[in-house]
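Novice: Residue numbers (my numbering), protein chains in the order written: chain A, 1 to 314; chain B, 315 to 633.
Everything labelled a hint here was simulated from the structure, so no lab data went into it.
Keep in mind that this is a model prediction, so the values were computed, not measured.
Treat each hint with caution, since some may be false.
Cut-off 25 Å, straight-line C-alpha distance, at most; resulting in silico cross-link-like pairs (SDA-like, lysine to any residue) [to be verified]: (1) B:Lys-527 <-> B:Leu-610; (2) A:Lys-3 <-> B:Val-462; (3) A:Lys-219 <-> A:Arg-122; (4) B:Lys-493 <-> B:Val-462; (5) A:Lys-59 <-> A:Gly-78; (6) A:Lys-3 <-> B:Lys-493; (7) B:Lys-493 <-> A:Val-27; (8) A:Lys-3 <-> B:Gly-467; (9) A:Lys-3 <-> B:Lys-456; (10) A:Lys-3 <-> B:Leu-471; (11) B:Lys-493 <-> B:Leu-622; (12) A:Lys-3 <-> B:Ala-466; (13) B:Lys-493 <-> A:His-28; (14) A:Lys-59 <-> B:Trp-487; (15) B:Lys-456 <-> B:Ala-466; (16) B:Lys-493 <-> A:Ser-20; (17) B:Lys-493 <-> A:Lys-219.
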Amino acid sequence: MVKYFFRRLIQLAVVAFIISVLIFLLVHLLPGNPATVILGPNDTAHNQAVLFKQLGLNKPLFQQYLTWLGSVFHGNFGQSYLNHESVTHIIATGWPIDLELIIISQVVAFAVAIPLALFTSRRPNRPIDNVSTTGTFGLLALPPFVIAPVMVAVFAVSLHWFPATGYVPFTQAPATNLHDMILPSLAITAGSIAVYYRLFRSDLISTLQEDFITMARSKGMSTRWIMWRHAFRPSSFSLLAAAGVNIGALIGGLFIVEYLFAINGLGYSLVLAVQQRDYLVVQGISLVIAIVYVLLQFLIDFIFTMVDPRVTRE
Amino acid sequence: MPDDRELKQTGNSARLVADRFPGTAALDELVTAVETEPMGADDVLAKKPLGLLFWLAVGWVGLIVILAIIANLLPLPNPDFQNYNALNAPPSIHHLLGTDDLGRDLLSRVIYGARVSLIVGFVSVAIGLLVGGTLGLISGYKGGVLDVSLNAGAFVLLAFPAIVAVIAIVAFWGQTLWKITLILGVAVIPLLYRVVRASSLSFSNRDFVIAAKTMGASTSRIIFREILPNVIPVAVTFGLLTVAGVIVIEGSLAFLGLSVPLPTPSWGNIIEEGASNGNLQTNPYIMLWPVITMFLLLLSINLIGDRLRQRFDIRESLI
Numbered sequence: 001m002v003k004y005f006f007r008r009l010i011q012l013a014v015v016a017f018i019i020s021v022l023i024f025l026l027v028h029l030l031p032g033n034p035a036t037v038i039l040g041p042n043d044t045a046h047n048q049a050v051l052f053k054q055l056g057l058n059k060p061l062f063q064q065y066l067t068w069l070g071s072v073f074h075g076n077f078g079q080s081y082l083n084h085e086s087v088t089h090i091i092a093t094g095w096p097i098d099l100e101l102i103i104i105s106q107v108v109a110f111a112v113a114i115p116l117a118l119f120t121s122r123r124p125n126r127p128i129d130n131v132s133t134t135g136t137f138g139l140l141a142l143p144p145f146v147i148a149p150v151m152v153a154v155f156a157v158s159l160h161w162f163p164a165t166g167y168v169p170f171t172q173a174p175a176t177n178l179h180d181m182i183l184p185s186l187a188i189t190a191g192s193i194a195v196y197y198r199l200f201r202s203d204l205i206s207t208l209q210e211d212f213i214t215m216a217r218s219k220g221m222s223t224r225w226i227m228w229r230h231a232f233r234p235s236s237f238s239l240l241a242a243a244g245v246n247i248g249a250l251i252g253g254l255f256i257v258e259y260l261f262a263i264n265g266l267g268y269s270l271v272l273a274v275q276q277r278d279y280l281v282v283q284g285i286s287l288v289i290a291i292v293y294v295l296l297q298f299l300i301d302f303i304f305t306m307v308d309p310r311v312t313r314e
Numbered sequence: 315m316p317d318d319r320e321l322k323q324t325g326n327s328a329r330l331v332a333d334r335f336p337g338t339a340a341l342d343e344l345v346t347a348v349e350t351e352p353m354g355a356d357d358v359l360a361k362k363p364l365g366l367l368f369w370l371a372v373g374w375v376g377l378i379v380i381l382a383i384i385a386n387l388l389p390l391p392n393p394d395f396q397n398y399n400a401l402n403a404p405p406s407i408h409h410l411l412g413t414d415d416l417g418r419d420l421l422s423r424v425i426y427g428a429r430v431s432l433i434v435g436f437v438s439v440a441i442g443l444l445v446g447g448t449l450g451l452i453s454g455y456k457g458g459v460l461d462v463s464l465n466a467g468a469f470v471l472l473a474f475p476a477i478v479a480v481i482a483i484v485a486f487w488g489q490t491l492w493k494i495t496l497i498l499g500v501a502v503i504p505l506l507y508r509v510v511r512a513s514s515l516s517f518s519n520r521d522f523v524i525a526a527k528t529m530g531a532s533t534s535r536i537i538f539r540e541i542l543p544n545v546i547p548v549a550v551t552f553g554l555l556t557v558a559g560v561i562v563i564e565g566s567l568a569f570l571g572l573s574v575p576l577p578t579p580s581w582g583n584i585i586e587e588g589a590s591n592g593n594l595q596t597n598p599y600i601m602l603w604p605v606i607t608m609f610l611l612l613l614s615i616n617l618i619g620d621r622l623r624q625r626f627d628i629r630e631s632l633i
């Protein structure tokens, strides 16, 4: 267990190192001179050369990387070329919004997928099971950029139930905040529901054929007790693993809904920065998202070994 | 040592020939015999029919592909032509799907937009299969240092959230169709590598491979004549599901204005156009058509992939 933990920790460190190098190189090796971007293409060659030196771009790449990494560890990601806002500030104000969207969408996804799977897996291939299995298959074909505009058209534009854009911090007005966040969260929930439901259902069906379930049945235990206490835990391992992988898919969805609903999360800032070629903002935000993603994978992997001890033996 | 059980299955004549003349002809006969029998090709074909839904899905994908290919030959207005006499026109005989807020024909834009989705989807997966698949075939069969290092490399790359990497690279490198295709092609290499490698590995110790090895078949012959045909179903099935995934990523990029630059139509940027500038109130058709075609295309590809997976009996744990 401890050995496994340390092996994963070393893997984590290697992955994080490679990610930081790749993201650093992106800015420095691909065409486009930051000095030209800041000053505009029409400025004199002399001014560009001065700024080039000021930014430290004339030093060896290796040295630049160390300087950059050092400041990143001090929480300094540089500042936007365009409005001189510090990247650290953009990240600090952005991440709680992403977290809130992810939490709401995942709570909804689990609240729909788990009871539905518990209900339909008891009698597979009945009409209700076929309907929900086909329905979730359809949900898989509705990525956020397809379903989000439809939801806005129906629930915001036609029915006026929710606002089409806008964001109020939770600390200012909790009720308004939650009301604003419902549509964007639901737009990224569809795929999660489908993935969780299909996985949990098929695992439950195979668990329900085990001997210990027959045993519990023959002892006269109620169906509800059997489903929640006996079948739930052994069927939930791959659900947990899927939740970890699914966060990767959620990141793309976050970009879409934040862009569509004009919510100032990390995704929105990243997309705006990309459109305006604001290199340091792109660099800082992608580094943070990538590292958090890798950390989450590690964390879920670790929880996984605690819930299911068989994993470490492989 | 030849595996006796295998040789018995293939019949004595082949064994006798192979024993005396370890040449290619005998090898062919023996290997094909061994290959088809334990694989149970008849069982696969005897499975239940693919069903009407499957063929409907194939029909829809086929229709979109054909329309995208022959778009130039169809009697359609130029997708970028702005007809100021028909702004936001509803569907009519002149504009079958109506026009957008700039007076551009929506049917034409949707059909030309399909080109972007399909080219990016299929070409990038082809790149991924060509590079990742070849590496996977070789490293799964040969094992050793090559396999360990490639596998570790793929693990690292898969730990990276693809969409962030793709957005960052598109931002710095540029947004032409071929660059985006290439970036997404490279992005799917580690995924397809892992799938093909796992499949190749599972065949590398099967009896028919050992038999071929014992007959003195060269490594490249074993990889391309013995293992490859068995890996193809897995590669095609996962390749197809990856096409759906790549089309989603391209659509997301286009929605964010990071795919092919405007005014070139792409389903993602038509949806974005329909969802912005108040177009949802005034003309919901702009968004509606690409949403429907995209939903049906993804549904069809997923359905075809799913049926093929059942047909070939591929376990999802392979990923």
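Novice: Each hint should be assessed against the structure and marked as holding or not.
Specialist: Outcome of the hint check:
no.	hint	in the structure
1	B:Lys-527 <-> B:Leu-610	violated (46 Å)
2	A:Lys-3 <-> B:Val-462	holds (20 Å)
3	A:Lys-219 <-> A:Arg-122	holds (18 Å)
4	B:Lys-493 <-> B:Val-462	violated (30 Å)
5	A:Lys-59 <-> A:Gly-78	holds (18 Å)
6	A:Lys-3 <-> B:Lys-493	violated (43 Å)
7	B:Lys-493 <-> A:Val-27	holds (17 Å)
8	A:Lys-3 <-> B:Gly-467	holds (22 Å)
9	A:Lys-3 <-> B:Lys-456	violated (29 Å)
10	A:Lys-3 <-> B:Leu-471	holds (24 Å)
11	B:Lys-493 <-> B:Leu-622	violated (31 Å)
12	A:Lys-3 <-> B:Ala-466	holds (19 Å)
13	B:Lys-493 <-> A:His-28	holds (19 Å)
14	A:Lys-59 <-> B:Trp-487	holds (23 Å)
15	B:Lys-456 <-> B:Ala-466	holds (16 Å)
16	B:Lys-493 <-> A:Ser-20	holds (23 Å)
17	B:Lys-493 <-> A:Lys-219	violated (64 Å)
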